[in-house]
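Asks: Throw the hints in and build the complete structure from the sequences for me.
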Amino acid sequence: MTTRSWNLARVLRLATLSSGALIFLGPYVWMVSTAMKPREEIFSSSLALIPDRWAAVENFSKVFTRVPMLQLLMNGAIVCAVILVVQVLVALPCAYALAKLRFPGARLMISGIMLGLLVPIHATALPIYVALSGAGVLNTYFALAAPFLISVFAIFLFLQFFRAMPDDLINAARLDGMSEFGIVLRVIVPNAWPAITAFSIFSVVAHWNDLFWPQIVVTETAMAPPPLGLIFFRAAEAGDDYGALMAATVVVTMPLLAAFLLAQRRFIEGITLTGLKG
Amino acid sequence: MDSIALPAGTSSAGALARRSEALAGWRLAGPAVALLSMLILLPTLGVVALSLTDFELGYDGVRFVGLDNYLELLEDRTFLISLANTLTYTLIVTPLSVFLGLGAALLIEAEVRGRALFRAIYFLPVVSLLVAMATVWQYLLHPTIGPVNALLRLVGIDGPNWLGGSDTVLMSLALIGVWQAVGFNMVLFLAGLTAIPRELYAAAEVDRAATAWDRFWLVTWPMLGPTTLFVVTISVINAVKVFETVSTMTQGGPNRASEVLLWTIYQEGFVYLRVGYASAMTVVFLAILMVLMVLQYRALDRRIHYT
Chain A
1 MTTRSWNLAR VLRLATLSSG ALIFLGPYVW MVSTAMKPRE EIFSSSLALI PDRWAAVENF
61 SKVFTRVPML QLLMNGAIVC AVILVVQVLV ALPCAYALAK LRFPGARLMI SGIMLGLLVP
121 IHATALPIYV ALSGAGVLNT YFALAAPFLI SVFAIFLFLQ FFRAMPDDLI NAARLDGMSE
181 FGIVLRVIVP NAWPAITAFS IFSVVAHWND LFWPQIVVTE TAMAPPPLGL IFFRAAEAGD
241 DYGALMAATV VVTMPLLAAF LLAQRRFIEG ITLTGLKG
Chain B
1 MDSIALPAGT SSAGALARRS EALAGWRLAG PAVALLSMLI LLPTLGVVAL SLTDFELGYD
61 GVRFVGLDNY LELLEDRTFL ISLANTLTYT LIVTPLSVFL GLGAALLIEA EVRGRALFRA
121 IYFLPVVSLL VAMATVWQYL LHPTIGPVNA LLRLVGIDGP NWLGGSDTVL MSLALIGVWQ
181 AVGFNMVLFL AGLTAIPREL YAAAEVDRAA TAWDRFWLVT WPMLGPTTLF VVTISVINAV
241 KVFETVSTMT QGGPNRASEV LLWTIYQEGF VYLRVGYASA MTVVFLAILM VLMVLQYRAL
301 DRRIHYT
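Protein chains in written order, with full-length UniProt numbering: chain A, 1 to 278; chain B, 1 to 307.
Please note: incorrect hints may appear among the correct ones.
Just so you have them, the derived chain A footprint on chain B, three or more residues with Cβ under 8 Å [said to hold, decoys possible]:
(1) 15 to 29
(2) 119 to 127
(3) 185 to 195
(4) 237 to 246
These aren't lab readings, by the way, just hints derived from the structure by calculation. For every residue, glycine included, the Cβ atom is placed at its ideal position computed from N, Cα and C.
Replies: So this is what it looks like as structure tokens:
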């Protein structure tokens, strides 16, 4: 192989990667640019990225005054936090018991979990909706979190992780007179951080971005998480006010994007744990 | 006497220990079992049961109607269009996102510089709020003020009404779906590539594969087989579940041209509240998904054996 052909291959490679990157970044660039532009410049459909007149303050202030944007972000954060905490609290002890204790029914439970992995929220949504509607708790945080309080995926993941953990560690703790619950809390959890972190990222990304379930149980803007709030905002206010709309998309996309850029490796690990969305 | 009492004593102590272990096991797994049955297993049975009734939310009286809902589905034009559209969407998104994901992974793997940067850029759409990015795409693809058509006008092409025309809407949605999925597939392929032993390439070079192209077909492609199978099944499953972009941008329109399964189920069940009928659709959807997921587990199994 000559140096020249190596160079040519490399130039082609970098050119392809870079033009691909431009296409992938394009929407983000336009999102930010349009969020800075006043209405008339957007409608002139010029391709300039830098606005002649800056309208960022105007656009962003619409986002925070016309919809309770802070409330939306708060809703999203609360719901994601509740879901994550309950999922982990329920899954950790269960996975430990299935991995390290022998008791009747354990096998049946594992089959139930494997079966649960096959069922997405879309399949169980109707009966759960009927039940929540019957109980009169639509438009609440509880309704938003309810179907996700159990994550079979979390149990499955922790189960794999715990099976690989040495028994000696646990036996030593038992000899020290620790209860099984104490073992989970003081031996298992500290050793399971990598799995917990990866799962947390997976869970938060899935539920922060989810639209399907919130769109079913929430009809009031005050209870909406960011994706649904964005849809309400567009319907009520910003039909073709693209400046304000893009400003809103910047605001709701930013938290996760910033977290991703800060902890890329962990994010990629967490999200590719499974191929499934939520 | 002692020699008899001793084993009896230990065995009853053993039984006691076993019982306390079982008790601890049940106590630790109990909450999960309760939630699993309440939130997943029972609702799944529930949706099958509801699909055999004419239940509508807000109306009293539920009648058992047997398979009537399913028979109605066979003649429901909207549902059939929806199935066909979902299939078309999946057939566009899967090959493109798998192929581009593999391409990006190969290029990034071969390049020494900027690996992390490119990986991050291609992965951005995966972590971005899809509803927000769909809103951005809707603006980008706007027929008159959208930058995409403005760019096309620069080179003298009159761009179509991407999301507003019934001929182009599904393709536009699919391209956005590809944009969203490539980074994910790329990362899976990158992981698959790192697992290929370097010696194989050296051996291939000694053997007969002189060019990078030969080496790809001799080593990379066969070694990536399990990963590829896994990526393909995942892409199909995710494509079948398309909902956010449709709900945000087109709502099934124009003229049902972007009607897809989850959107149809959502409309029927949660907007028109025809729960029984929507349940039948859900059962069909679940059946499709289950077949795909069983295939995926097979692929996953094989991937684990390989690495």
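Asks: Run every hint past the structure and note whether it holds.
Replies: Here is what the structure says about each hint:
no.	hint	in the structure
1	15 to 29	holds (count 10)
2	119 to 127	holds (count 9)
3	185 to 195	holds (count 3)
4	237 to 246	holds (count 5)
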